[in-house]
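Peer 1: What follows is the residue order along each chain.
Number of protein chains: 2
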Amino acid sequence: MAKNRKQILLKSRPPGEPSPDNFELVETEVPAPGDGEVLVRGIYMSLDPYMRGRMREGKSYVPPTELGTPMPAGVVGEVIESKSERFAPGEIVEGLLGWQTHGVLPAKDLRKVDASLAPISTALGVLGMPGMTAYFGLLDVGLPKAGETVVVSAASGAVGGLVGQIAKIKGCRAVGIAGGPEKCAFVKDELGFDAAVDYKAETDLKAALKAACPDGIDVYFDNVGGTILDTVLTQINFRARIAICGMISEYNLEKPDLAPRPTRALLVNRARMEGLIVFDWAKRYPEGMKAMAGWIKDGTIKFKEDIRDVGLEGAVEAFLGLLKGDNFGKLVVKIGEEI
Amino acid sequence: MAKNRKQILLKSRPPGEPSPDNFELVETEVPAPGDGEVLVRGIYMSLDPYMRGRMREGKSYVPPTELGTPMPAGVVGEVIESKSERFAPGEIVEGLLGWQTHGVLPAKDLRKVDASLAPISTALGVLGMPGMTAYFGLLDVGLPKAGETVVVSAASGAVGGLVGQIAKIKGCRAVGIAGGPEKCAFVKDELGFDAAVDYKAETDLKAALKAACPDGIDVYFDNVGGTILDTVLTQINFRARIAICGMISEYNLEKPDLAPRPTRALLVNRARMEGLIVFDWAKRYPEGMKAMAGWIKDGTIKFKEDIRDVGLEGAVEAFLGLLKGDNFGKLVVKIGEEI
Chain A
1 MAKNRKQILL KSRPPGEPSP DNFELVETEV PAPGDGEVLV RGIYMSLDPY
51 MRGRMREGKS YVPPTELGTP MPAGVVGEVI ESKSERFAPG EIVEGLLGWQ
101 THGVLPAKDL RKVDASLAPI STALGVLGMP GMTAYFGLLD VGLPKAGETV
151 VVSAASGAVG GLVGQIAKIK GCRAVGIAGG PEKCAFVKDE LGFDAAVDYK
201 AETDLKAALK AACPDGIDVY FDNVGGTILD TVLTQINFRA RIAICGMISE
251 YNLEKPDLAP RPTRALLVNR ARMEGLIVFD WAKRYPEGMK AMAGWIKDGT
301 IKFKEDIRDV GLEGAVEAFL GLLKGDNFGK LVVKIGEEI
Chain B
1 MAKNRKQILL KSRPPGEPSP DNFELVETEV PAPGDGEVLV RGIYMSLDPY
51 MRGRMREGKS YVPPTELGTP MPAGVVGEVI ESKSERFAPG EIVEGLLGWQ
101 THGVLPAKDL RKVDASLAPI STALGVLGMP GMTAYFGLLD VGLPKAGETV
151 VVSAASGAVG GLVGQIAKIK GCRAVGIAGG PEKCAFVKDE LGFDAAVDYK
201 AETDLKAALK AACPDGIDVY FDNVGGTILD TVLTQINFRA RIAICGMISE
251 YNLEKPDLAP RPTRALLVNR ARMEGLIVFD WAKRYPEGMK AMAGWIKDGT
301 IKFKEDIRDV GLEGAVEAFL GLLKGDNFGK LVVKIGEEI
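As they're listed, the protein sequences go chains A and B.
So the first sequence is numbered by this note's numbering: it starts at 1 and just counts up by one.
So the second sequence is numbered by this note's numbering: it starts at 1 and just counts up by one.
One or more hints might be untrue.
Heads up, the list lumps identical chains together, so a pair's fine if it works in one copy or across two of them.
[What the hints assert, rightly or not] When the alpha-carbon atoms are kept at most 30 angstroms apart in a straight line, the in silico BS3-like pairs for lysine-lysine are as follows:
no. : residue 1 : residue 2
1   : K145      : K206
2   : K200      : K255
3   : K145      : K283
4   : K255      : K206
It is worth saying that the hints were derived from the structure and are not from the lab.
In this text the structure is predicted, and so the values were computed from the model without any measurement.
Given only the sequences and the hints, what does the whole structure look like? Please build it.
Peer 2: This is the structure we're talking about:
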């Protein structure tokens with residue numbers, strides 16, 4: 001049989017910053033679905049910071065990616081062959097297909113994508129995992145109240161841009177932290193945040209944050225960790241909530257970074273720091289999807305996609321750039337043609 | 001007028017470990033109460049780790065003690081003169097009198113002590129601030145559920161000993177961390193904890209904790225901070241709660257200690273870390289007092305006091321020892337005779 005499927009496998013585990021050598025592009029046979037399974041041809045593949053964690057050995061919230069298997073990824077694609085009555089060829093679906101052009105998944109692990117709501121690629125962003133992360137993470141862990149100040153890092157990113165906009169919808173002051181004047185202008189002028197702080201340009205991040213948050217910080221939605229988190233902690237208010245969603249600035253460290261413990265700031269302010277992972281809200285995704293789709297439809301929420309038309313072959317370079325903050329908006333690789 | 005009042009004033013702020021030079025014993029006149037005020041003669045004075053924080057300048061949950069004024073302390077004493085109809089001479093009361101043999105407080109800042117419940121010194125411990133800290137901190141922040149494992153540090157101390165016993169009442173496995181075989185035996189044999197870990201004796205605290213907590217840690221009530229906290233974080237369970245009550249191991253550091261950030265452990269486990277200060281439950285003290293008094297009366301809860309009959313003059317030495325863990329049970333200095 002022809003080897004018509006491309007896959008990118010994890011070849012080795014980087015101790016620090018990953019390089020192209022950690023990945024291997026292979027061509028294999030397109031698999032056939034078994035009973036209850038569906039063969040999907042990928043069109044858009046999501047690249048997300050969490051993938052760096054899967055390259056690492058050791059305990060996390062899911063097992064690490066095994067060497068010699070494809071990296072994990074959410075993919076939007078076309079049903080090619082279905083052995084499930086729930087899906088028919090030609091339908092657009094989304095699921096954790098991984099870094100490959102074709103893959104087989106159990107029907108229960110796929111969801112249909114409604115192309116009438118928004119471009120199908122958004123099933124990887126605002127109407128997908130990042131959207132649900134922002135929605136449930138901010139509302140259920142951040143617990144923002146009208147009049148409070150909400151700060152979010154990686155504010156021009158897939159999750160951060162939505163967090164700030166949902167904060168505005170809830171009547172909060174939204175302050176974004178992002179890298180570079182272009183991203184900061186986007187966050188403020190396009191997404192409607194009240195203020196943006198350029199962590200790359202500011203020599204005194206503490207003073208810049210203080211200027212952007214004159215009433216202190218009530219909610220911090222953290223995507224980056226590191227010294228930005230440490231700085232935010234110096235300015236939290238009584239009963240502040242710190243939602244820990246990610247720590248992209250730390251993912252490539254060979255050894256954990258050392259920092260002052262956050263406990264004194266938490267104690268003095270009776271503040272709370274809590275980790276969140278979107279899967280925990282899986283049963284409530286319909287609620288989140290409905291809210292996000294409504295806000296998109298009426299124009300309340302804007303989003304930016306960074307779609308790279310580079311094929312699966314270009315995924316490694318795009319992913320390595322993502323870890324450095326090279327993307328601008330939700331990073332998606334186009335790995336196949338739309339229908 | 002005769003200078004019959006002794007006071008210990010804060011003379012200077014230590015950058016690191018305090019010494020007797022930071023304090024000054026003075027003799028002054030016994031003050032007279034104004035309208036609505038009460039003159040109290042101290043009998044028992046509480047010494048607590050939080051007092052180290054008041055010696056420090058800078059933002060905390062209450063302003064620092066000013067130089068040249070008495071150190072703060074809860075005191076149980078006798079009403080000598082009252083300009084309030086709520087109190088009469090000879091009554092036993094408790095209030096934040098400070099490090100002095102006599103003091104005047106507004107009547108609203110005093111509470112009557114019921115000597116029929118327990119020895120009056122317990123108004124500084126199990127029926128006072130430490131008791132309320134353990135009760136509300138564990139139940140409202142730790143949120144223990146039957147069958148879970150609750151770990152508490154400074155487990156033989158005023159708060160820690162109660163936390164473990166309340167955890168047992170709630171059907172949890174209670175594990176104490178304490179320093180030395182005597183304290184560990186007390187925690188296990190007298191207070192009824194399921195296990196005790198001697199942090200001074202263990203060369204591998206991680207392994208010792210693991211042995212004491214075979215099902216992992218669901219609640220950590222932290223009184224000490226530092227590397228013990230770091231170690232506990234390696235063994236927390238899904239949705240663990242970490243109640244930050246104190247960090248005595250860090251109070252004397254001139255610069256904050258550096259440690260790996262706790263955020264990865266919080267994220268992977270969707271765990272929560274939250275600071276607590278007992279004053280926030282002031283309106284619910286009657287509920288807590290009623291519960292604690294009931295458990296003392298029926299023998300469910302035991303407590304240990306470390307009463308030093310050394311007069312106010314001995315308070316400095318006792319306090320410096322407290323910061324090193326020299327006390328065994330709730331530390332109280334007897335500064336005057338009982339009626």
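Peer 1: Hints first: check each against the structure and report whether it holds.
Peer 2: Hint check results:
1. Taking CA atoms no more than 30 angstroms apart as the test, K145 paired with K206 passes inside one copy only; the shortest distance there is 24 angstroms, against 40 angstroms between copies.
2. In this assembly of identical chains, K200 and K255 lie within 30 angstroms of each other by CA distance both inside one copy and across copies; the values are 23 angstroms within and 27 angstroms between.
3. In this assembly of identical chains, the alpha carbons of K145 and K283 lie at most 30 angstroms apart whether taken from the same copy (24 angstroms) or from different copies (24 angstroms).
4. In the homo-oligomer, the alpha carbons of K255 and K206 lie at most 30 angstroms apart both inside one protomer (26 angstroms) and across protomers (19 angstroms), since each shortest distance falls under that limit.
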